[in-house]
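Chains as they are written, first to last, in the numbering used here: chain S, 1 to 177; chain D, 1 to 779.
There may be inaccurate statements among the hints.
[Unchecked claim] Some chain S residues near chain D, calculated using beta-carbon distances under 8 Å: (1) T6; (2) N8; (3) I12; (4) R38; (5) G39; (6) C40; (7) E41; (8) G80; (9) F92; (10) G96; (11) Y102; (12) L134; (13) R136; (14) C137; (15) T138; (16) Y140.
None of these hints come from the bench; they were simulated from the model. The beta carbon of each residue, even a glycine, is placed where N, CA and C say it ideally should be.
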Amino acid sequence: MPLVFTLNGDEIRLDDIPDGMLLVDVLRDHLGLTGTKRGCETGTCGMCSVLVDGVLTRSCRTKAIDVAGRLVTTIEGIHGPDGALSDLQAAFLEHGAVQCGYCTPAMVLAAEALLRRHSDPTREQIRSAINGILCRCTGYMQIVDAIEATAAVRAGRNRRTGQNRTAGRRSDREQER
Amino acid sequence: MATPIGASPTYVGNPSLQNVDGADKITGRARYVGDMTVPGMLVGKVLRSAVPHARIVELDVTPALAVAGVRAAITHRDFVDNGPFGWPVRDAFVLAYRKVRYVGDPIAAVAADTAEAAQAGIEAIRVTYELLPVISDMAAALDPGAPQIPEVSPTGKGNLCATHLLRNGDPDSLLAGGQVILEATYSLPHQEHAYLETEGALAIPEPGGGVTVYANCQSPHIARDTAALVLGLEPSLVRVIQPFVGGAFGGKDDIVYQTTAQVAKLALLAGRPVRLVLSRPESMAASYKRESMKSRITLAADSDGTLRAAKVAITVDSGAYASMSPMTAWRATMHAAGAYRYQAVHVDTQVLYTNNGYSGAFRGFGNTPASAAAELAIDELAERLGRDPLEFRLQNCLRSGDCTMTGVRTPGGAGLAACLEWVRDRSDWATKRAAYDEQRAVGAGVDSRRSRRGIGVACYFHGSGLGGEGVDFATARLAVDADYGITLTAGLTDFGQGSRTVFSLLAAETLGVRMDRIRVLRPDTQTALDSGPTVASRASIVGGNAVRVTAQKIGHVLTLAAADLLGCAPERILRSGEAYIGPAEDPISFEAVVDHARTMGLQLSADGRWQVRPIEWDFERGTGEPYFAYVFGAQVAEVEVSAVTGRTRVLKIWAAHDAGTILYPKGALGQMYGGIAQGLGYALMEDFRFEAGMPQALDFDRYRIPRAMDIPDIEGTYIQMLPVGTGQPPVGTGQPGGPYGAKNLAEPVMIATAPAIANAFAQATGRRVRSMPLPLWNG
Chain S
1 MPLVFTLNGD EIRLDDIPDG MLLVDVLRDH LGLTGTKRGC ETGTCGMCSV
51 LVDGVLTRSC RTKAIDVAGR LVTTIEGIHG PDGALSDLQA AFLEHGAVQC
101 GYCTPAMVLA AEALLRRHSD PTREQIRSAI NGILCRCTGY MQIVDAIEAT
151 AAVRAGRNRR TGQNRTAGRR SDREQER
Chain D
1 MATPIGASPT YVGNPSLQNV DGADKITGRA RYVGDMTVPG MLVGKVLRSA
51 VPHARIVELD VTPALAVAGV RAAITHRDFV DNGPFGWPVR DAFVLAYRKV
101 RYVGDPIAAV AADTAEAAQA GIEAIRVTYE LLPVISDMAA ALDPGAPQIP
151 EVSPTGKGNL CATHLLRNGD PDSLLAGGQV ILEATYSLPH QEHAYLETEG
201 ALAIPEPGGG VTVYANCQSP HIARDTAALV LGLEPSLVRV IQPFVGGAFG
251 GKDDIVYQTT AQVAKLALLA GRPVRLVLSR PESMAASYKR ESMKSRITLA
301 ADSDGTLRAA KVAITVDSGA YASMSPMTAW RATMHAAGAY RYQAVHVDTQ
351 VLYTNNGYSG AFRGFGNTPA SAAAELAIDE LAERLGRDPL EFRLQNCLRS
401 GDCTMTGVRT PGGAGLAACL EWVRDRSDWA TKRAAYDEQR AVGAGVDSRR
451 SRRGIGVACY FHGSGLGGEG VDFATARLAV DADYGITLTA GLTDFGQGSR
501 TVFSLLAAET LGVRMDRIRV LRPDTQTALD SGPTVASRAS IVGGNAVRVT
551 AQKIGHVLTL AAADLLGCAP ERILRSGEAY IGPAEDPISF EAVVDHARTM
601 GLQLSADGRW QVRPIEWDFE RGTGEPYFAY VFGAQVAEVE VSAVTGRTRV
651 LKIWAAHDAG TILYPKGALG QMYGGIAQGL GYALMEDFRF EAGMPQALDF
701 DRYRIPRAMD IPDIEGTYIQ MLPVGTGQPP VGTGQPGGPY GAKNLAEPVM
751 IATAPAIANA FAQATGRRVR SMPLPLWNG
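Modelling step: build the complete structure from the supplied sequences, incorporating the hints.
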């Protein structure tokens, strides 16, 4: 069946997507966006995470047709205003949060999803937000550092522009959904 | 300000240094083997044994070839001599020959147009077994009636795969005279590497009968040599390239060499590219694990707390194949009594075949379980002596100039006491230890439902490099390019641990050029010289030295060119940033010096090799010098054990590692944090169990590895040199021969974590555990 959705800001039209095809397969095999990884295909490791309407979503547990009409963001859609690295991506590198790199795209997306709804998370809240994504290399320390630092910089910027830092904050329980 | 070459490090130890591959990884542009596609590519798939032990009665792949879309199907018959491989024991096969020995053993493989066709092909293969008795524990392996697992026993003694011994003095007489004796047996479990990228390879047939394989292995030259041998091709016809690798931790050796040979053969037969990536359950079943180990430890001390002697008997479960177990067991033997001064030590080690998967290299390489056992025993002994476990360790730990348990003086400095003191002071050890002792004494009577806290310590030493495991050398190649960039080709590789960054910074530092001039080629057997395996935390040290030596050669040529250009003696040349400065103090650019060198006809490329000082270990007598140097470290863990759930939660870890000079600080800390996370998993949740040879967990739901919320904040440091002017002598940790005084760190940083947690659990609960992972506490 045909599938139309928005991927990293561009409208994608696919003519014939089998009913049960998974989003991860459409992204990787049909669209060639291999920044989204496969790690277990049972929804446990989080490597395949993408954002669907801003919500962290496992693309190996999501049928492609379920994103019809929705906004999907993959790592390929994350960058700064000038097309260079985003502040979050730069912070990952500055804090040594990248080793083998295999979980990195999913970690960046999980962090982005957190920071979009929560401007000053605690370290525990950051750990909770990335808890669904496994990393075997880093012990998570420098990843948490990078996200915390990015939140602080963004909060400072928002304060300067007069935005409400706590706008959109919800309970931790809700955030894990 | 002009400085002599190399006098003022710019990159070595620079805290702002970033991973040279970081931008590719953080944007998702980095291509791992499963991300690579080429036109006409087929999908490879392997048929694996579902039974732990059986004779193959019939094996026929012709029905698979009849399946639509299947282009090739292979068995052992497609390889020279049925495809044997493996080092140090050649007991494995690219595809099973005559027998299957564990669940996951590869039997046959197909290549097909689609994954569905490949699956149908696998299902069409006809295989019948004659089931054999399963040897599911080490005790049964040596039963006289036990079936022999290998076709040929490497020792001539059935399922005994290898033995090792260590002989230092006469511990028996000292044990007899020791005033306090501990004798206990400790069990450590199998551990799964759980790299998040599973094993895989992409093979492309080449004109002329050769094949190129992109494989996520640790050591491309070994993959090439293994494949060439079983394919019957000249090594030059097999090219192995390592793309980005999603973690390895010791786990991407044998299993990926096997996969490489399978995929290469499929591609050669089909005449088309073939990609094969293991599924997670397939990877968990098929790949080798950290060995499970039993260590029976006898320790004796005087009542004043002086350790006198140790005797250790180790058995290692190698599983179905030897893989690296004979070598991990050797390293275990060399470390089995821990980082302490003894008057005499004997160790006897047996490596046994069973049908429990198979075991091989994993971070710490035998020292992780061996030291865990020793550190649990030392803690128990301290308790019997009525001593604080940390002060007891400080009393007996190796210090500069002491002899290790093998009876050989530690070369270079030993910073272990400094590490112990650092974790003691940072963790507020004495206060917490006293408080938790009191809490336990009081709590038992008052409120059995209250959580209990405990704080525990462990320390380690770890022999650097390969030691007696093999010739410890590496090579590098550097060339100045037409655009004044510098291409670096290294034989040792980066699978996430940051070696490419370390090699780049060492080349830039040594040449006195900007780091962004250095381009590190992907490891490729066609361009890189063989450097032996990338294992044993040796890439920064041995590989780093090779880069340094090579850069010195080019630096020497450039200095000659600068001297010629400036009309002075080479010794008069100074450096300021990249510029070369002569006596007239007029700086000339790196580019100008390169141009001049070319007009002089000088060659601006070089190969370099570096080899560790040879050591001598007498395997027959169990005596000698096992390693050219050692590293040391200590960790403290604070835990809370829930009286309601029984679960142990780690509240904080303090870690100090004696690492000489730190080359790449962010990377070094990342290694420490990551190693600690793996150690925490080893202590609390990771247990790759077999029941009658059947693996009990083949996914991340049942085999849990630590998630972000399982890991506490870690306060870690690298003990380097004491600041000049403190009035104290330097800790003296610089490693003679390490590049810029650097020492190994990637593996040993995980060793203390699990025993420190277990020792903290013991304080919290009053219960000593002698196996991992820790049990639930039930009051």
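Quick rundown of the hints versus the structure:
no.	hint	verdict
1	T6	18 Å, violated
2	N8	11 Å, violated
3	I12	17 Å, violated
4	R38	7 Å, holds
5	G39	5 Å, holds
6	C40	4 Å, holds
7	E41	7 Å, holds
8	G80	11 Å, violated
9	F92	5 Å, holds
10	G96	3 Å, holds
11	Y102	3 Å, holds
12	L134	6 Å, holds
13	R136	5 Å, holds
14	C137	5 Å, holds
15	T138	5 Å, holds
16	Y140	4 Å, holds
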